Amino acid sequence: MADLDIKEKKDIFTEEFLINMGPQHPSTHGVLSLELKLDGEMVLECTPHIGYLHRSFEKLAENRTYTQFIPFTDRLDYVASMNNNLGYCMAVENLLKLDITDRAKYIRVIVAELNRIASHLIAIGTFAQDLGAFATPLFYCFREREKIVDIFNEICGNRLTYNYIRIGGVQSDLPKGIEEKIKNFIKYMRSKIDEYDWLLTYNVIFLARAKNIGLLRKDIAINYSVTGPNLRASGVKRDLRKDRPYLVYDKFEFNVPVGVNGDAWDRYKVRIEEMRQSLKIVEQALGSLPQGDPTVKTGRVHKPAAGEAYFRTENPRGELGFYIVSDGSAYPYRLKIRAPSFSNLAVLPELIKDAKIADIVCISGSLDILMGEIDR
Amino acid sequence: MAASLMLRSMNNIITGILSLIKGLIITFNNNFTSATTLQYPDEKKAMTERFRGLIDLYPEKCVACYQCVKACPTACLAMTHKQTDEKKKITNTFTYNIELCCFCGLCQQVCPTGAIYMNKIYEITTYERNKLYINLLNPEKYDEWPHTSPK
Amino acid sequence: MLTTEIFDLLKAKFPRIAKEEGTSAVIIPKELLLEFGRFIKDAPLIFDDLHCVTAIDKKEKIDLVYIFYSNPLQHSLTLKIYLGPEDPKVESLAAIWKSANWLERETYDLFGVTFLNHPDPRRILNPYDWKGYPLRKNYSAPNFIAKPKL
Amino acid sequence: MFTLLNLTNMITTGIAVLGFIAISAMFLIWWERKVSAHIQTRLGPMRVGWHGILQSVADAIKLLLKEDIRPAGADKLVWWLAPFFVVVPSVMAFATIPFGKTLIPKDLNIGVLYILAVSSVCVLGVFMAGWGSNNKYSLLGGIRAAAQIISYEVPLILSMITVVMYANTLSMQKIVESQSHSWNILHPNLALAGLIYITSATAEVNRAPFDIPEAESELVAGFHTEYSGMKFAMFFIGEYTNLFIISAIATTLFFGGWKGPLLPGVIWFLIKTYSIIYILMWIRWTFPRLRVDQLMGFAWKFLTPISFLNLAIAGWLLL
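Protein chains in written order, with this note's numbering: chain A, 1 to 376; chain B, 1 to 151; chain C, 1 to 150; chain D, 1 to 319.
Calculated from the structure, these hints are not laboratory results. Keep in mind it's a predicted model, so treat the numbers as computed, not measured. It cannot be assumed that every hint is accurate.
[As the list claims (entries may be wrong)] Taking CB as the label site, the calculated pair distances span: (1) F2(D) <-> F17(A): 48 to 56 Å; (2) T95(B) <-> D354(A): 55 to 63 Å; (3) F27(D) <-> T33(B): 23 to 31 Å; (4) T295(A) <-> P146(B): 27 to 35 Å; (5) N20(A) <-> L100(B): 32 to 40 Å; (6) P146(B) <-> G235(A): 49 to 57 Å; (7) F17(A) <-> E67(D): 45 to 53 Å; (8) N20(A) <-> D87(C): 28 to 36 Å; (9) N97(B) <-> L43(D): 34 to 42 Å; (10) K88(B) <-> K183(A): 48 to 56 Å.
[Unchecked claim] Distance condition first, Cα-Cα at most 30 Å in a straight line; then the derived DSSO-like pairs of lysine-lysine: (11) K181(A) <-> K45(B); (12) K59(A) <-> K303(A); (13) K131(B) <-> K89(B); (14) K353(A) <-> K98(C); (15) K211(A) <-> K353(A); (16) K97(A) <-> K58(C); (17) K37(A) <-> K211(A); (18) K131(C) <-> K13(C); (19) K141(B) <-> K88(B); (20) K269(A) <-> K181(A); (21) K11(C) <-> K59(A); (22) K242(A) <-> K269(A); (23) K303(A) <-> K70(B); (24) K356(A) <-> K136(D); (25) K136(D) <-> K37(A); (26) K61(B) <-> K120(B); (27) K242(A) <-> K211(A); (28) K59(A) <-> K89(C); (29) K59(A) <-> K58(C); (30) K356(A) <-> K301(D); (31) K97(A) <-> K59(C); (32) K22(B) <-> K269(A); (33) K82(B) <-> K131(B); (34) K61(B) <-> K176(A); (35) K22(B) <-> K187(A); (36) K80(C) <-> K41(C); (37) K44(B) <-> K147(A); (38) K237(A) <-> K218(A); (39) K211(A) <-> K76(D); (40) K22(B) <-> K192(A).
Every residue, glycine too, gets a C-beta built ideally from N, C-alpha and C.
With the rest of the complex left out, here is chain A (with noise of 0.2 Å):
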């Protein structure tokens, strides 16, 4: 691909140029370190290395009962813990057989989608500083994500961690007159987003930045087990809340926003676009809110029959799944966390090669990688 073919010319004696862009560095999200062998400004091979934050959940949920694991999920993927909470919760119930009031059912899908919301802004604000917009567009995404958050504190307490999703239903029911704030987000983050659009998407020096980089071919992606908005920005019509709807996915209309070409550009384009959907279900989803109790029925200690479950939901990051093996007693016997970063980065030393430096965060931050759930 490289016009000028160094390998050819060797006569000259050129060095290889070993950079470590280490496990801090200001564009890796959170604590990643790539190996990088450059020569000159293009990147000849990068070998990932992972495991810094790694806290060894699956072990420690072995002698922790059900229910005391789940402020567990809050710190895999810590910017969209309702939906982790909630990917656990179902799995769970799968095991147990335990279905839950429909009230608890649109509450867990508006929770949901205001999370995928935070956790795109985030996403895009980041992308954004890495391309050298700096911190204008994530300041502006801060602001709306503070207004989440904000909700958030109301509903369940906690401004990150929320541990709001209980198994059988949730914490506690809505608090008075939050459908009214939700209404007036939802309003004031319909101008913002297309804000976004005017200031960064069709920008002349964004679009050279960002279009035909780290080009993730279908087959690749599907190849490489990537999920979420990186899978669908490559042309994959893939989102679980449609194929595999649970909760009350199937009772709302939302369309899945499909890239064309799969650059850093599309990945981009796809996550502003998954937001105006995500508006469009809490809308709904607020609009036929069932009256009802939504807080847990059964006992405080779930004993499930011996047997596993594996449930998949859609993460703003991709598809989190939760293979839980339970002996019949209080405690799983085994807990796997299948996580969508960790696939989705191990496509990085693929579309890296023969990038110049400034693609590497260019390309690892349209990936929207997640220490937390790749580490576990």
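Once you have looked at the hints, place chains B, C and D on chain A.
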């Protein structure tokens, strides 16, 4: 052919400059919106009524049923109880280790008599570690940290 | 396609496979893995996405679990292989699905299942010179304090 | 003949210029933080003095007290000299900037040429910093900076020559005189030259969409990663003084220098310069960064041909 090429590149340049100007308009408008940040030590964000801060206790309500100690995922509560004269169990010692606490609110939810609850303190900073091992029974355990009252 | 149809189709091709009683998983003997993998990747079943690879330490044996998903046909398959607890060895699927590369490295890192001719058989989450396999039931790390069971 | 009078004259103008540079650099640092804050809907420094006005003084004191660490294995002399090579040329460039009718340190008849010659020395300082700090990231930053500044020198000079052709003089005062009836920017041909000048000048100073050398997200902090304390302050002052110089040159060449109806000359000059600086800051906090090869491509494939064309048209018009 050259003409269409010229036209297309002119068109690109125009749309390019237009997109740049649109970006500038957005940032300029934001100049006049009010600041969204607080001047932290002077203005503090009031926490909501359900905010989960540090763990607090009404000692008289506690019946030493150990539910909260069992429910805690990180085992940061430890309690011993004693028998009073008319056969009622009350707590003897009740220690709370802030280092391990993950502020999940499971203990508050599981307590039958509502003895244990989470107050609104979120500015938890100390210079020594032993300050983080709290004895829940003595009343002025949290005087050191500022109390941010709910809205 | 339903799991039963998939199973019948597979049974026709590979007579030596069995169905696990409780779950809808398919059990195959260890040597069949590569051939089985190539078969399910193409035409009738098109399992083009190796979604998850993990293991369960059942003390007397180690279950290796593969979960596949098919994008065009939108059905999934759970595959299990029973391995002896001493030194479990199995073929690596990294040649067929590239996602297997990292997933198998994680399974090796936490369970000690060695994958033959794997492109990069190093540990992934723990430090590269870590001794022992943490997720094994008989694993006892020096300073691991299990939560007191009340 | 070199009399005592000239000596005192030189010393007073020297002190005045240095005093102005110090104050303007401090003010610009504070102003940039306020401008970027208001664009990002926050307040910026508020604590030190009214609206944080003394923030730059506090920063200067902090940097003075900070320990001056030299990286191991650094090329001592080159590393030590680098900050001077960045600051001294930008101070020297003040010699021919016309603040007012009489307020000009020395009205050389080759003013424009002198400024160009002096301002291209600072690329040497940047490269020395990049090489001297014995750190891979700063080496990359240094190489990129050298490539960028040299390649943007060409459109810069061409656009300045178009102005010189119209004013047919090199001395800055005379250029300002020539704009007494109508500013140069109003002339279509020179407006294009002005646009090219401003874009390539921002690239010269490593700011706005062209700040590749100290691209935070890629090269940590580029060439001045290994500098701390007063040496880092020198780079900082150098950057903001350069910013002031390019805006001052822009006002004199294109916006009629100190010419203006009511107010005295100096006020007009400062208003125009600081409004150009505001636009540059506004651009900096809005746009993402260009990649290195795009940046070079933009300079050679786009700016230079257009400035040659512009030069040709100017020549044809003036014939």
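Taking the hints in turn, this is what the structure says about them:
1. F2(D) <-> F17(A): 48 to 56 Å: holds, 54 Å
2. T95(B) <-> D354(A): 55 to 63 Å: holds, 59 Å
3. F27(D) <-> T33(B): 23 to 31 Å: holds, 25 Å
4. T295(A) <-> P146(B): 27 to 35 Å: holds, 33 Å
5. N20(A) <-> L100(B): 32 to 40 Å: holds, 34 Å
6. P146(B) <-> G235(A): 49 to 57 Å: At 54 Å between Cβs, range holds.
7. F17(A) <-> E67(D): 45 to 53 Å: violated, 30 Å
8. N20(A) <-> D87(C): 28 to 36 Å: Because 34 Å falls inside the window, the suggested range holds.
9. N97(B) <-> L43(D): 34 to 42 Å: holds, 39 Å
10. K88(B) <-> K183(A): 48 to 56 Å: holds, 50 Å
11. K181(A) <-> K45(B): holds, 17 Å
12. K59(A) <-> K303(A): Distance ~19 Å between K59(A) and K303(A) Cα, so the pair holds.
13. K131(B) <-> K89(B): Roughly 28 Å between the alpha carbons, so the hint for K131(B) and K89(B) holds.
14. K353(A) <-> K98(C): holds, 16 Å
15. K211(A) <-> K353(A): holds, 17 Å
16. K97(A) <-> K58(C): Cα-Cα ~24 Å, so holds.
17. K37(A) <-> K211(A): Holds. K37(A) to K211(A) sits at ~24 Å (cutoff 30 Å).
18. K131(C) <-> K13(C): violated, 41 Å
19. K141(B) <-> K88(B): Satisfied, since the Cα-Cα distance of roughly 26 Å is no more than 30 Å.
20. K269(A) <-> K181(A): holds, 27 Å
21. K11(C) <-> K59(A): Violated. K11(C) to K59(A) sits at ~36 Å, over the 30 Å cutoff.
22. K242(A) <-> K269(A): holds, 20 Å
23. K303(A) <-> K70(B): holds, 16 Å
24. K356(A) <-> K136(D): This hinted pair holds, its Cα atoms lying about 16 Å apart.
25. K136(D) <-> K37(A): holds, 12 Å
26. K61(B) <-> K120(B): Given that 30 Å is the threshold and the Cα spacing comes to 20 Å, the pair holds.
27. K242(A) <-> K211(A): Roughly 28 Å between the alpha carbons, so the hint for K242(A) and K211(A) holds.
28. K59(A) <-> K89(C): Holds. K59(A) to K89(C) sits at ~23 Å (cutoff 30 Å).
29. K59(A) <-> K58(C): holds, 15 Å
30. K356(A) <-> K301(D): With a Cα-Cα distance of about 20 Å, the restraint between K356(A) and K301(D) holds, given a limit of 30 Å.
31. K97(A) <-> K59(C): holds, 27 Å
32. K22(B) <-> K269(A): holds, 18 Å
33. K82(B) <-> K131(B): Holds, at about 26 Å.
34. K61(B) <-> K176(A): holds, 28 Å
35. K22(B) <-> K187(A): Answer holds: K22(B) to K187(A) is near 22 Å, not above 30 Å.
36. K80(C) <-> K41(C): Holds - the C-alpha atoms of K41(C) and K80(C) are around 17 Å apart, at most 30 Å.
37. K44(B) <-> K147(A): Satisfied, since the Cα-Cα distance of roughly 16 Å is no more than 30 Å.
38. K237(A) <-> K218(A): holds, 11 Å
39. K211(A) <-> K76(D): At roughly 43 Å apart (the allowed maximum being 30 Å), K76(D) and K211(A) break the hint.
40. K22(B) <-> K192(A): holds, 14 Å
Consistency with the previously given hints fails for numbers 7, 18, 21 and 39, ordered from lowest to highest.
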